[in-house]
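Protein chains in written order, with the working numbering: chain A, 1 to 625; chain B, 1 to 183.
Don't take each hint at face value.
Unchecked claim - Here are the simulated DSS-like pairs of lysine-lysine, each with C-alpha atoms no more than 27 Å apart in a straight line:
1) A:247 to A:315
2) A:257 to A:247
3) B:96 to B:136
4) B:136 to A:293
5) A:30 to A:45
6) A:288 to A:239
7) A:33 to B:35
8) B:35 to B:46
9) B:63 to A:377
10) A:33 to B:96
11) A:239 to B:96
12) B:46 to A:107
13) A:298 to A:377
14) A:556 to A:585
15) A:247 to B:96
16) A:183 to A:288
17) A:489 to A:524
18) A:33 to B:130
19) A:288 to B:170
20) B:96 to A:416
21) B:65 to A:408
22) B:35 to A:45
23) A:353 to A:183
24) A:25 to B:170
25) B:108 to A:30
26) A:257 to B:136
27) A:247 to B:183
28) B:46 to A:30
29) A:288 to A:315
30) A:485 to A:416
Just so you know, these hints were derived from the structure itself, not from any lab.
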Amino acid sequence: MSKVLGIDLGTTNSAMSIFENGEAKIIANKEGKNTTPSVVAFTDKGEILVGDSAKRQAVTNPEKTIYSIKRIMGLMFDEEHAREAKARLPYHIINRNSACAIEIDDKIYTPQEISAKILMKLKEDAEAYLGEAITDAVITVPAYFNDAQRKATKEAGTIAGLNVLRIINEPTSAALAYGLDKKDAEQIVVYDLGGGTFDATVLETGDNVVEVMSTGGDAFLGGDDFDNRIIDFVASEFKSETGVDIKADVMALQRVKDAAEAAKKELSSSTETEINLPFITADATGPKHLVQKITRAKFESLIDDLVASTITTIKTVLADANVSTNEISEVVMVGGSTRIPLVQEEVKKFFGKELNKSVNPDEVVALGAAIQGGVLKGDVKDVLLLDVTPLSLGIETLGGVTTKVIEKGTTIPAKKSQVFSTAEDNQPAVSIHVLQGEREFSKDNKSLGMFELRDIPAAPRGVPQIEVTFDIDANGILTVSAQDKGTGKSQEIKITGSSGLSDEEIEKMVQDAEANKAEDEKRKALVDARNQADALVHQTKKSLTDLGDNFDATEKANIETAIADVEAILKNDSVTKEQIEEKVKILTEKSHKLAEAVYAKEKGGNKETAAKKADDDDIIDAEVE
Amino acid sequence: MSKDDKETSIDAEVEIIDTEESTENQETQSLEIDKLKNEVAQWEDKFLRTHASFENSKRLLAKDKAAAVAYANESFASDILTVIDSLDSALSMIDKVDEKDTNEFLKKMKEGLTLVDEQLHKVLEKNHIKPVVCDKDYDPNVHQAIMQVDSDEHESGQIVQVMQKGYTIKDRVLRPAMVSTAK
């Protein structure tokens, strides 16, 4: 099934996204950027450039570089908006059958045809990335677009070879990206401060429908205005300090522009930044360096009138919709400039509630368009909503420790096996205690059930291989089975209530685990030390018995004392990890002689033991019955 | 097997005895079979589609990962460019102050700084970051035009002066070169 391309066809920049496996995802263009400048240029060589390359050559080719085409999309030649645009745009806007068109080298282009060039680039780049053809698209337009403007946008899509499934409003698209259409009936505000325009919209949502109640904005306010305030400030400070007008030096100005944009971005995350441009210029007295600290407070004082004007706009829009701030239940932030802390603060203060700003504000509109595409194609409905395990599942092992077999957050159905072994010599049975939870110790987790695997043939500890398999089906029914790989004998338990916990209980269990993490880890380390000490005692005793009289009697007595010490300390319940380790260290040192003796004996050619030891390393001791 | 055979033969007998009823049975059975066949086909189709989409996702993920690894240095590299700009600027200023190399100290400083600059560019090149070539012809893919100037030595549209060096990382433009072009 072919995918639907969600397109945010912006005034300054455009972005695209697809809906895949239940998620909308932004597609980068051929140049590796998530947004593409909405600029088309016709060069003297007869080439047509779209995007970054078109933008770069704008200065050399102002009359044939078309940007902000959206400003005259679908407009009649004598409309007020068209007149306003004509005054600001450097290319030739002409009257074609009383609609706006553009004249380039005696050729006439409609705004649809220019927009189509942008759409075509997006389409081609998406196809190159996906490796498949794309025909269907959902394109977004501002909420204030009238029928003619919407129709023109759709035509642009058709010219670009796209089958436009639907034209949707930008604020609606943003609301979709936040899933606000699924909520109960409510009124929301979308605050969109983009690259070149500001829009505020009141939407009414509910029952999977989103409706525009009122909209308004400033067609000429955006990110560049904020940069320019910094540039002006830096330039005037530099002039008063050095007397040099940096704006007159094109080369220096370019460095200041870059630095101002970087400073603006940095002030979103830190409260102070420094513009540092050594050797920015020179005069008769020598080189000049530009070093200018800018605090966030200073930046805010430079831009507060711009931000205040957006709040004034919101007030008008709310009045138009006849709603008050406390009737607004959600506020959605769209556009790169909404990253500026002052913007967020002021909007938050005005509405008195937290803002929706978790989705990348440059991409949120395109993402919403892709979601709309997914809905239209039936992909959204078709997505198999697979559950995940809310908590980890495992079994109890030596020392009351929970060993996880299936981790929390695993998508089900899932099946996983792990091999365990016995903890005692000649252990006849193992008990499998199935647990759910995130804590280290089984007593802190929820017990789901227990069963025994009996008739394990007599064998030294660690030798039997018991494979424990956890299998959760799509309905959340858990089957735990244990099989003795030696005899093939197996036993299983079916647990249906494994997800019978309420959301609150699950949340509490996860939080408990988080809160007790340090304490649990400490206790786990103690248990590990105990288990290791126990294994060492066992191994040493075995070696002593194996060697019998072939070992120095004094050394043997020494080792036996050390073993007794370790055993004594293990009996003490309040022993610390350090105390165990101290005694274990003594035993280990004393056993060196023993190891030598064992080694000397084994040199005779018993390699099998060594091989078996390596195998044992993979085996985790199971709880003793 | 023999038991099965026997059962079949009994069925056959029944058929002969009550033909009418069995035909009806057969019809409902074959309807049921058709329905099940249909369902199986639907499931199979769904399974294949899901599997195909999984395979496609894997392919895209590999592509994304390759790009993420290839351009992992991109943000660091673009931050370091401002440092190079400052160094370039310092070098060109020393040049202007002492064009004829009359001051021995300045001359040595210049030599030293030039070596540092070379060192830096070698490190960049090792990491696939290369300066944009700014020969005569203007290329909007890698050059950003800042202004147009009158020039007798250049044809219209050609690069007159490089205001700020540009750099590429592998196949991508890290920063276009800022240039002025001839009117």
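- Is the hinted pair residue 46 of chain B and residue 107 of chain A satisfied, with a Cα-Cα distance of at most 27 Å? violated (51 Å)
- Message: Next pair to validate is residue 298 of chain A with residue 377 of chain A; report whether the Cα-Cα distance is within 27 Å.
- Response: violated (50 Å)
- Do the alpha carbons of residue 485 of chain A and residue 416 of chain A lie within 27 Å of each other, as the hint requires? holds (16 Å)
- Item | Restraint status (C-alpha distance of residue 353 of chain A to residue 183 of chain A at most 27 Å) | Between residue 353 of chain A and residue 183 of chain A the Cα gap is close to 17 Å, so the pair holds against 27 Å.
- Query: If you draw a straight line from the CA of residue 136 of chain B to the CA of residue 293 of chain A, is it 27 Å or shorter?
  - Reply: violated (39 Å)
- Measure nothing beyond the straight line between the CA atoms of residue 288 of chain A and residue 315 of chain A; if it is 27 Å or shorter, mark the hint as holding. Distance of about 47 Å is beyond 27 Å: violated.
- Can the restraint linking residue 25 of chain A and residue 170 of chain B be considered satisfied, given a maximum Cα separation of 27 Å? Judged against 27 Å, a Cα distance of about 25 Å means the pair holds.
- Item | Hinted pair residue 96 of chain B and residue 416 of chain A, Cα distance within 27 Å | violated (72 Å)
- Query: Given the proposed pairing of residue 46 of chain B with residue 30 of chain A, does the C-alpha separation stay at or below 27 Å?
  - Reply: Violated - the C-alpha atoms of residue 30 of chain A and residue 46 of chain B are around 33 Å apart, more than 27 Å.
- Decide if the proposed pair is consistent with the structure: residue 239 of chain A and residue 96 of chain B, CA atoms, cutoff 27 Å inclusive. holds (22 Å)
- Proposed proximity, residue 585 of chain A with residue 556 of chain A (alpha carbon, max 27 Å): Answer holds: residue 556 of chain A to residue 585 of chain A is near 17 Å, not above 27 Å.
- Agreement of residue 247 of chain A and residue 183 of chain B with the hint, judged by alpha carbon distance not exceeding 27 Å: Measuring from Cα to Cα gives roughly 21 Å; hence the hint holds.
The structure fails hints 1, 4, 7, 10, 12, 13, 16, 17, 19, 20, 22, 25, 28 and 29 (numbered hints given earlier, in ascending order).
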